[in-house]
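*Asks:* Next come the chains, spelled out residue by residue.
There are 4 protein chains.
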Amino acid sequence: MTQHEPLSRFGDRHLDVPRLSCQVGTPLADQPGIGHNRWHPDIPPAVAVDPGGEVILESAAYDDYQVHDDGGLEELRRIDLTRMHPLTGPVYVNGARPGDVLVAEVLGSEPLSGIAFSNILPGTPGLLGEIFPDGYRSTWYARGSIAESPQVPGVRIPAQPHPGTIGVAPSYELLRRWDERERPLYADGRAFAPDPRNALLRGLGEHAAREAARTQPPRENGGNLDINRLGPGARVYFPVFAEGALLSLGDHHLSAGDGECCFNAMEMDGRTWLRLHVIDDGMARHRITTPVVRPAPLVARFGADRYLGFNGFCFDEREQGYQDATFAAREAMLRAVDYLMGLGFSGEQAYVILSVAPVELHISCIVTIPNPTVTLYLPIDIFDRDILPGAK
Amino acid sequence: MTQHEPLSRFGDRHLDVPRLSCQVGTPLADQPGIGHNRWHPDIPPAVAVDPGGEVILESAAYDDYQVHDDGGLEELRRIDLTRMHPLTGPVYVNGARPGDVLVAEVLGSEPLSGIAFSNILPGTPGLLGEIFPDGYRSTWYARGSIAESPQVPGVRIPAQPHPGTIGVAPSYELLRRWDERERPLYADGRAFAPDPRNALLRGLGEHAAREAARTQPPRENGGNLDINRLGPGARVYFPVFAEGALLSLGDHHLSAGDGECCFNAMEMDGRTWLRLHVIDDGMARHRITTPVVRPAPLVARFGADRYLGFNGFCFDEREQGYQDATFAAREAMLRAVDYLMGLGFSGEQAYVILSVAPVELHISCIVTIPNPTVTLYLPIDIFDRDILPGAK
Amino acid sequence: MTQHEPLSRFGDRHLDVPRLSCQVGTPLADQPGIGHNRWHPDIPPAVAVDPGGEVILESAAYDDYQVHDDGGLEELRRIDLTRMHPLTGPVYVNGARPGDVLVAEVLGSEPLSGIAFSNILPGTPGLLGEIFPDGYRSTWYARGSIAESPQVPGVRIPAQPHPGTIGVAPSYELLRRWDERERPLYADGRAFAPDPRNALLRGLGEHAAREAARTQPPRENGGNLDINRLGPGARVYFPVFAEGALLSLGDHHLSAGDGECCFNAMEMDGRTWLRLHVIDDGMARHRITTPVVRPAPLVARFGADRYLGFNGFCFDEREQGYQDATFAAREAMLRAVDYLMGLGFSGEQAYVILSVAPVELHISCIVTIPNPTVTLYLPIDIFDRDILPGAK
Amino acid sequence: MTQHEPLSRFGDRHLDVPRLSCQVGTPLADQPGIGHNRWHPDIPPAVAVDPGGEVILESAAYDDYQVHDDGGLEELRRIDLTRMHPLTGPVYVNGARPGDVLVAEVLGSEPLSGIAFSNILPGTPGLLGEIFPDGYRSTWYARGSIAESPQVPGVRIPAQPHPGTIGVAPSYELLRRWDERERPLYADGRAFAPDPRNALLRGLGEHAAREAARTQPPRENGGNLDINRLGPGARVYFPVFAEGALLSLGDHHLSAGDGECCFNAMEMDGRTWLRLHVIDDGMARHRITTPVVRPAPLVARFGADRYLGFNGFCFDEREQGYQDATFAAREAMLRAVDYLMGLGFSGEQAYVILSVAPVELHISCIVTIPNPTVTLYLPIDIFDRDILPGAK
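Chains as they are written, first to last, in this note's numbering: chain A, 1 to 392; chain B, 1 to 392; chain C, 1 to 392; chain D, 1 to 392.
Isolated chain A, as found in the complex (with noise of 0.2 Å):
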């Protein structure tokens, strides 16, 4: 067995389904038939499946191959977004139509070289970047179903691998939307506007790839959901605006906090087996227009009272704002770093904590003007050591 040859706990029995294979440390330029990183309607299937079937999606992870084990914060300062995200796919299934729900049963999901990062990027620090604008590398290793870190001693997180990304292909009126809808951010880097830059689409020529949209938001079609509970047994429920579906994935997570505040969450390459189903009319019928989902049966099971909740309001020493849940979401977290600072943590450390830990994220008010509460609550169970307020 080579280093990379890619891997599976899937068994002999994944072998009848077909599947979109990516070699592990090879950017998706070098593999352009599994996959692409813009969404377009006119992105030509990789591979068709009949209502009912499976199939096997593998991918780098969100930065395509551009992290490495010994690169660095200068690589980290090199990270060229536009290659992200390497998604697989599309999936073509067959019967399903503008209209239709497409249900996407996420039957496994696992590493496939078994590394992840969740670093700070210099650029784009998440949530907490004023505080931590400098870079910090962290790299995970999936032991087993364990990940540690030699970043971060002492905390030992369940792997619950699941992809970040999943959606299906815009229709051109959606695409459309979406580009009118961002463009007033475009110029200030709110929003990622198009670009044709390091644009891949399955062949699609510069006209698309100036037009194709960028996959760092969430949308209609699902697509960076971030959402942490699309592990095994997990179900998402897509509205259909192109032929086909045309689902694809990507941005696998080893392990991902709510809120993913530093930006990363654990970030590897990945393997997700689907099976796909079609309700008819769905959108109608039920009444979706943006992803449904049914959360995975399989998870760590922390006890009820194992987590402690920091909370954050809507104010800090200088600010007062209104119902704002994300300055009350950043304000749970600065708690957060701060008792764990405590604890003899570094900051970095602490934020990388929140980000990959399964951390929740709970607007637990939101009517209380002017200051929502927003609970952050931190399981106790993956520190070796008693972390309680008043614990030696």
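If you're looking for bench data, these hints aren't it; they were derived computationally from the structure.
Heads up, some of the hints might be wrong.
Covered, in the sense of this in silico footprint (three residues per stretch, anywhere, with C-beta under 8 Å from a C-beta of chain A), are these stretches of chain B [claimed, not checked]:
| id | region |
| --- | --- |
| 1 | 46 to 52 |
| 2 | 226 to 237 |
| 3 | 279 to 290 |
| 4 | 336 to 349 |
| 5 | 363 to 371 |
If you want a taste of the chain B side facing chain C, the calculated C-beta under 7 Å gives, among others [claimed, not checked]:
| id | residue |
| --- | --- |
| 6 | P158 |
| 7 | W273 |
| 8 | A300 |
Predicted model, so just to flag it, every value in this text is computed and none were measured.
Glycine included, every Cβ here is placed at the ideal spot set by N, Cα and C.
Given the coordinates of chain A, work out where chains B, C and D should sit on it, guided by the hints.
*Replies:* Just chains B, C and D now, with coordinates in the frame of chain A:
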């Protein structure tokens, strides 16, 4: 036994515990000894306990018995929010000093009258108020530990009683800072200005009433946190700002959803049994500046996959926001309301269900500019039929 | 409020529900209207409800108020088991007929006095009675929803109240079969023979008292099932053997471990609120011949890995059994008792902990001849210190 | 990639871990270097690791590749149980000594071929063998993390892979004691006598083969514990009886129910990744004389009320037992089989479902003489339709 005699699941054993009893049906103004409805450092304690000691605190619902079982919509229009929230306390904890952390351990929480209201108030109709401006009433009855409402048939919600508001007294400095901070929002009603009307401060005079803080928003001292996991076994770690900590609570809920979107959870009169501990110098030792919560171990344990997750992003047909979790939360709720209406519920019923059922409102991702993903997880086992897509 | 007045968490709303009230401290003989302590088809109903209707049933603990808080070991020696169990009922369900299934939905369950006993009786000392023959007393107090005992410091157990005994009336035929079946065991005390002493049958005479079945064992009609998951939200599906089904219950527990090894769970007087339904011809339709239970949704949700599992097989130093799960269970318990003694608990304390804490006693494997594996899962979060191997 | 190449979800990172690889399809006799199929103190270690070190152990299923996908019932009749269980190891843990405790931490566990069998063997048909004597075959496929069988349609079981057998070497003294203890049962086949036929002991000679213990029953050293909670994240604390502890494992299950009633769980070839620790003098310090387990945190989290509990007591139409939990377990299973047959499953299908689904088999009560209550909790969410009583 008379109709309104305070009752208790706690059994005789509570008789050795100091208790501030609430007369069911009686507004706080007519039983002013048990509590207050503003935050102020000078409110005299109603009871004192030693560290490790216990106390039982009973309160009216947030509305101070303005709402009645047969009151109609007109009653909702007349609700006077200056009577909000009737809190019971303060409890002086001997030896607690500013800089300490007060640990409030919830030993028990339960209904008083067993009647709860979840109404849409025409004046403050909550997060989807533009869509549901007209008011709506639902009454929920605790049939044992199951809550049911004649207005929302087909739904059974496990009772998870808890105090929605729990907090400690602010310092003068903190009180001043609150006023300064929120003052810019007073003019257009985005925050509640201090208001002496109906202020009850356990004997403090007009001056205090004019400067005392309103109880609507949660702040550094806790207060109206509306965290639905503060039932039996939960703990709250409060920063202490005043001698004796001066803890008060009220605003009981029979059940509440994350977000409490319609402005009402299942609002009820209730009783909470606390044990109180002090961590000396805990604020500095544990870097605690806002309340930290340890959630309750006793819960309705739904299956991990017995939820439907509705996703919202920060755009709609008219608007594109930027990293706006509040907008995304509203959108997620609208998706859920739509879905429930497709099942035959009215919009108002759906809105109330999301406000009172143990829904989880997760900020799944916040760094995928410009759109965060907010996921509203609706438990499917509260419905007496199968609500999954594709079900008959 | 007097010391012994029946109290309730249920609030006023229970006032519209028919209730059989138990006077705290009063033996059944002095309030014979509410119940009985034998099974017999002819016991006249104490209350009737329609299908879909509700009823609240209160009862003394299994000992019929023979045990007192300050009674000492002598009291335990004098316990008269012919007074066991004071059951409340029967409830006649209109229209229920033999062959139907009665669905008893537990809407609520709670303590009456809030005092519970877990004693080792010198006469009936339970599964490890050879080792602990001398008797032992522990009293548990419901401090809200947390149970604590001065005799077992360092342990806090979430209250999960439920009726230990719940059943329907047998037919004559069934009563006869029971007697025939158990008769061979009467002689050496391995089963309780019918015994008219202290028999209370709501007015039935001596003849019935001589043939009425004792309530100790569970049988086809349910009865002393001692299933600890029958708290709020649970349902029991009973085969119906008599007109009206004639349901009764009692023997409330504040908490109980699987096995109830020391013969006592946390035994208390309590109250259970039921809703009753009938499935016509349910016995044949669903092939139900013994009670089927749907466990309660409201539970203490421990983490999946917050248990220590002690294993027993069916051998010890003297003996090798064959596929004997009872032997293996006893061995598993002995391993757990040893472990707890190593932590400083006395043997009696350990034995009681296993009987009252929500331990799970699993037959992990039964086909690995000659030794089954029985695993006793002890929740580790009931202890106020870390009890894991290797911990300080 | 060839059909039978060992695959792994573990990714590249496992490449630095010592591994004993099993060739899929190859009996242990043809790859004798990796393991053994008897317990004996002298079996030479196959690999050595330091405390804190890791190892990956692969094994055939319990049947040593005697069962094939297309083998028919005849194959089941011919199964030679002297080839049971092919175990991989032993692993010598440097420094572990008798009296220590070996902590085996399961980092990962997964299928090799992805094919599992749950068969009823005509010769050893399990707990209900009198009723199902004729043999039956079901093959289960790991479709990702979901197990399905063409023989049992309508059922989907979440994969929870784990080693069914895991143990350490006995001392000579222990080996002798086992033989002495079980000897009386050899004659009538109630225990498996030592048998040199097909014994594989990594080179040990005939003498050892004649005295080596069979692997069928669990004993003080662990072995065939068949505990279904030993998946990723679980820990087993073993008493150490030999220098180096000498741990071996095998008998992987894709899923297993408590009881493993039909003699087969979902039996598969598999791979388990361990980390090994030593607690010096742990046996005395922690009073550990049989394995203690800490169950896995990663589980299929069903709702607390998403089970049906079938109850058995120790009587049937012909017989009354006394405190016989095995009898009661059999009765509980019969009730469940009946119920499932009422839904249209065949008896054999039902029997297999109870053996492979994550059912919980609780000894609910053991002191209610003469009848214990054993409750078999069947998860209802493994069925693709509503199986509750009263459902259509």
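*Asks:* Work down the list of hints and note, for each, if the structure agrees.
*Replies:* Status of the hints after comparison with the structure:
Against chain A, the region 46 to 52 of chain B contributes 0 residues with a C-beta closer than 8 Å to a partner C-beta. That does not satisfy the three-residue criterion, and the hint is violated. Chain A is given as covering the region 226 to 237 of chain B, and this holds because 7 residues of the stretch bring a CB closer than 8 Å to a CB of that chain, at least three being needed. Residues of the region 279 to 290 of chain B with a Cβ under 8 Å from some Cβ of chain A number 8, which satisfies the need for three, so the listed coverage holds. Check on the region 336 to 349 of chain B: 4 of its residues sit with their Cβ under 8 Å from a Cβ of chain A, so the three-residue criterion for coverage holds.
As drawn, the region 363 to 371 of chain B meets chain A at 9 residues by the rule of a beta-carbon pair under 8 Å; at three or more, the given contact holds. Proximity of P158 (chain B) to chain C holds as hinted, the smallest CB-CB distance being about 5 Å (cut-off 7 Å). With a least beta-carbon distance of about 4 Å to chain C, the hint placing W273 (chain B) at the interface is held under the 7 Å criterion. A cut of 7 Å between beta carbons decides the hint on A300 (chain B): the least distance to chain C is about 5 Å, and the hint holds.
The structure fails to meet hint 1 from the earlier list, while all remaining hints are met.
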